[in-house]
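Keeping the supplied structure of chain A fixed, place chain B upon it in accordance with the hints.
2 protein chains.
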Amino acid sequence: MDIKEQYTGSILVIGDEILSGRTQDTNSNHIAKKMTEIGINISDIRVIPDNKEIIIESINELRKKTDYLFTTGGIGPTHDDITAESVAFAFGVEININQEAFDILKDYYDGIGSTFNEARQRMARIPAGATLIDNPISKAPGFKLENVFVFAGIPKIMIAMLENSIKYLEKGKIVHSKSIKVNAVEGDIAKTLRLLDSEESELKIGSYPFFNSDQDFGVNVVLKSVNKEKLEKSVDKFKTFLNENSMSYSN
Amino acid sequence: MDIKEQYTGSILVIGDEILSGRTQDTNSNHIAKKMTEIGINISDIRVIPDNKEIIIESINELRKKTDYLFTTGGIGPTHDDITAESVAFAFGVEININQEAFDILKDYYDGIGSTFNEARQRMARIPAGATLIDNPISKAPGFKLENVFVFAGIPKIMIAMLENSIKYLEKGKIVHSKSIKVNAVEGDIAKTLRLLDSEESELKIGSYPFFNSDQDFGVNVVLKSVNKEKLEKSVDKFKTFLNENSMSYSN
Chain A
20 MDIKEQYTGS
30 ILVIGDEILS
40 GRTQDTNSNH
50 IAKKMTEIGI
60 NISDIRVIPD
70 NKEIIIESIN
80 ELRKKTDYLF
90 TTGGIGPTHD
100 DITAESVAFA
110 FGVEININQE
120 AFDILKDYYD
130 GIGSTFNEAR
140 QRMARIPAGA
150 TLIDNPISKA
160 PGFKLENVFV
170 FAGIPKIMIA
180 MLENSIKYLE
190 KGKIVHSKSI
200 KVNAVEGDIA
210 KTLRLLDSEE
220 SELKIGSYPF
230 FNSDQDFGVN
240 VVLKSVNKEK
250 LEKSVDKFKT
260 FLNENSMSYS
270 N
Chain B
20 MDIKEQYTGS
30 ILVIGDEILS
40 GRTQDTNSNH
50 IAKKMTEIGI
60 NISDIRVIPD
70 NKEIIIESIN
80 ELRKKTDYLF
90 TTGGIGPTHD
100 DITAESVAFA
110 FGVEININQE
120 AFDILKDYYD
130 GIGSTFNEAR
140 QRMARIPAGA
150 TLIDNPISKA
160 PGFKLENVFV
170 FAGIPKIMIA
180 MLENSIKYLE
190 KGKIVHSKSI
200 KVNAVEGDIA
210 KTLRLLDSEE
220 SELKIGSYPF
230 FNSDQDFGVN
240 VVLKSVNKEK
250 LEKSVDKFKT
260 FLNENSMSYS
270 N
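Sequences listed follow chains A and B, in order. All residue numbers for the first sequence refer to the working numbering, where the first residue is 20 and numbers rise by one. All residue numbers for the second sequence refer to the working numbering, where the first residue is 20 and numbers rise by one.
This is chain A alone, in the form it adopts within the complex (with noise of 0.2 Å):
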């Protein structure tokens, strides 16, 4: 069953330090979050290499596939940063210094007494139509290009740019959801989960078994659904049979 009257996104990580494992990506569980919240459904995430033809390719594969996509990493001054220019070219643009982004790069940089060297100045080619995103911790700007959003790699940094750019998204329909800790094992949950989830169309159940120790298991369920009264009844029944077999949960 699919949910309706969602908009759907995508997220690009670019990094050989994630590929690497240097690095635990986290900007991609923010952006979900988010996203799940304003009823944009991610349907893929991917993380690729500083490699400027795979970059391209990915962003014109996921710009048409979904609604919008969110790219991270490889705005920053050195060689490896090449996310900018291959926007530009995926999309058949150029690419230049932009006025606005060079100003606010000087300005900054005259502020704290640095040079706005050649490097740094890389960070003002932004490709041509496309709206800067404002980065309040370092300056050196985001940007969106059509349905492409494109993010720093820096978390604190990528944070205040998704939160600039909530304003150019269309929202979903909210999807409810409920959570219950289930103490007991999947397996005895599993054949009551499909049949509920066969039951009711608009619902969509997650079961997420956690094992933290021989003592501390059990199961996470989520139901999900558009149309809230639905999923309460479906909620009450999973319940019913929860407490039929003396099974504990809690919210």
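These aren't lab readings, by the way, just hints derived from the structure by calculation. Any given hint could turn out to be false.
Since the list gives no way to pick one copy over another, a pair counts as held whenever it fits inside one copy or between any two copies.
For lysine-lysine, the following DSS-like pairs were computed, each having C-alpha atoms within a straight-line distance of at most 30 Å [said to hold, decoys possible]:
{"hint": "1", "residue 1": "Lys71", "residue 2": "Lys192"}
{"hint": "2", "residue 1": "Lys125", "residue 2": "Lys158"}
{"hint": "3", "residue 1": "Lys71", "residue 2": "Lys256"}
{"hint": "4", "residue 1": "Lys71", "residue 2": "Lys249"}
{"hint": "5", "residue 1": "Lys84", "residue 2": "Lys71"}
{"hint": "6", "residue 1": "Lys175", "residue 2": "Lys258"}
{"hint": "7", "residue 1": "Lys71", "residue 2": "Lys200"}
{"hint": "8", "residue 1": "Lys163", "residue 2": "Lys71"}
{"hint": "9", "residue 1": "Lys197", "residue 2": "Lys247"}
{"hint": "10", "residue 1": "Lys53", "residue 2": "Lys192"}
{"hint": "11", "residue 1": "Lys175", "residue 2": "Lys52"}
{"hint": "12", "residue 1": "Lys52", "residue 2": "Lys71"}
{"hint": "13", "residue 1": "Lys53", "residue 2": "Lys125"}
{"hint": "14", "residue 1": "Lys163", "residue 2": "Lys210"}
{"hint": "15", "residue 1": "Lys52", "residue 2": "Lys258"}
{"hint": "16", "residue 1": "Lys249", "residue 2": "Lys125"}
{"hint": "17", "residue 1": "Lys249", "residue 2": "Lys163"}
{"hint": "18", "residue 1": "Lys71", "residue 2": "Lys83"}
Chain B only, in chain A's frame:
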């Protein structure tokens, strides 16, 4: 530049709970780290939903693209656990109850006094031709079919399955790496990094800015090479530059 004589790998994280942001994926970081240690270069990480068609398509793409494919998630007993049957479909092989897996699970549930019910028996369904991967924690095995390794999503179990799979992997040439924490902003070292990068074909340089506060920021520079001697030479050159420009750093 490419680092030669390395094997490649990809990771497919299967699960709606990651895409909704409910769960932070840590499995792919763990796999990536481990593979880097043994000279297998992860080139793709993807997160996809619990959707059979998408799982099949992704498996078929990635198992051909890279030497090894590791999947996580979707091998439990519930209705949304569809990874095993998707793998079977992707390879065009049958999936039936595997006697070895059945016996392991039956022994386990008999031993703890639980019913080995229909839902649990699903976990004994393994694609034809696959080799089981031991799960010392909750017993339901993972499996390996040709170059595809199918792991559980629960991190503790995933880690154990990964450990039990290392013996099947060809190890590549180890990449040596050296990390230097520079107390400067990226823009001040970008030109030098670019120069170092162009001078030495076997060298790969990553530059990872961090920004904890106005007082605590800088760049972690990571130099990598399969050639240890050349790596050390480049590290020395970089440190000389830092010293000449009075930039402080630590290893």
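Here is how each hint holds up against the structure:
In the homo-oligomer, the alpha carbons of Lys71 and Lys192 lie at most 30 Å apart only across protomers (25 Å), although the nearest pairing inside one protomer, at 36 Å, exceeds that limit. In this homomeric assembly, Lys125 and Lys158 come within 30 Å of each other (Cα to Cα) only inside a single copy, at 10 Å, whereas the closest approach across copies is 60 Å. With identical chains, the CA atoms of Lys71 and Lys256 are at most 30 Å apart between copies only, with a shortest distance of 27 Å across copies and 52 Å within one. Taking the shortest alpha-carbon separations for Lys71 and Lys249, only the inter-copy value of 26 Å comes in at or below 30 Å, while the best intra-copy value is 47 Å.
In the homo-oligomer, the alpha carbons of Lys84 and Lys71 lie at most 30 Å apart both inside one protomer (20 Å) and across protomers (18 Å), since each shortest distance falls under that limit. In the homo-oligomer, the alpha carbons of Lys175 and Lys258 lie at most 30 Å apart only across protomers (29 Å), although the nearest pairing inside one protomer, at 40 Å, exceeds that limit. Taking the shortest Cα distances, Lys71 and Lys200 sit within 30 Å of each other only across copies (26 Å), while inside one copy they are farther apart (45 Å). With identical chains, the CA atoms of Lys163 and Lys71 are at most 30 Å apart within one copy only, with a shortest distance of 19 Å there and 33 Å across copies.
In this assembly of identical chains, the alpha carbons of Lys197 and Lys247 lie at most 30 Å apart only when taken from the same copy (10 Å versus 54 Å across copies). Proximity of Lys53 and Lys192 under a CA criterion of 30 Å is satisfied intra-copy only: 14 Å inside one chain copy versus 41 Å between copies. Taking the shortest Cα distances, Lys175 and Lys52 sit within 30 Å of each other both inside one copy (16 Å) and across copies (24 Å). For the identical chains of this complex, Lys52 and Lys71 are neighbours both inside a copy (28 Å) and across copies (24 Å), given an alpha-carbon limit of 30 Å.
For the homomeric pair Lys53 and Lys125, neither the shortest alpha-carbon distance inside one copy (32 Å) nor that between copies (43 Å) is at most 30 Å. In this assembly of identical chains, the alpha carbons of Lys163 and Lys210 lie at most 30 Å apart only when taken from different copies (27 Å versus 46 Å within one copy). For the homomeric pair Lys52 and Lys258, the shortest alpha-carbon distance inside one copy (27 Å) is at most 30 Å, but the shortest distance between copies (41 Å) is not. Taking the closest pair of Cα atoms, Lys249 and Lys125 never come within 30 Å of each other, the shortest separation being 56 Å inside a single copy and 38 Å across copies.
Taking the shortest alpha-carbon separations for Lys249 and Lys163, neither the intra-copy value of 38 Å nor the inter-copy value of 41 Å comes in at or below 30 Å. For a Cα distance limit of 30 Å, the shortest separation of Lys71 from Lys83 qualifies both inside one copy, at 19 Å, and across copies, at 22 Å.
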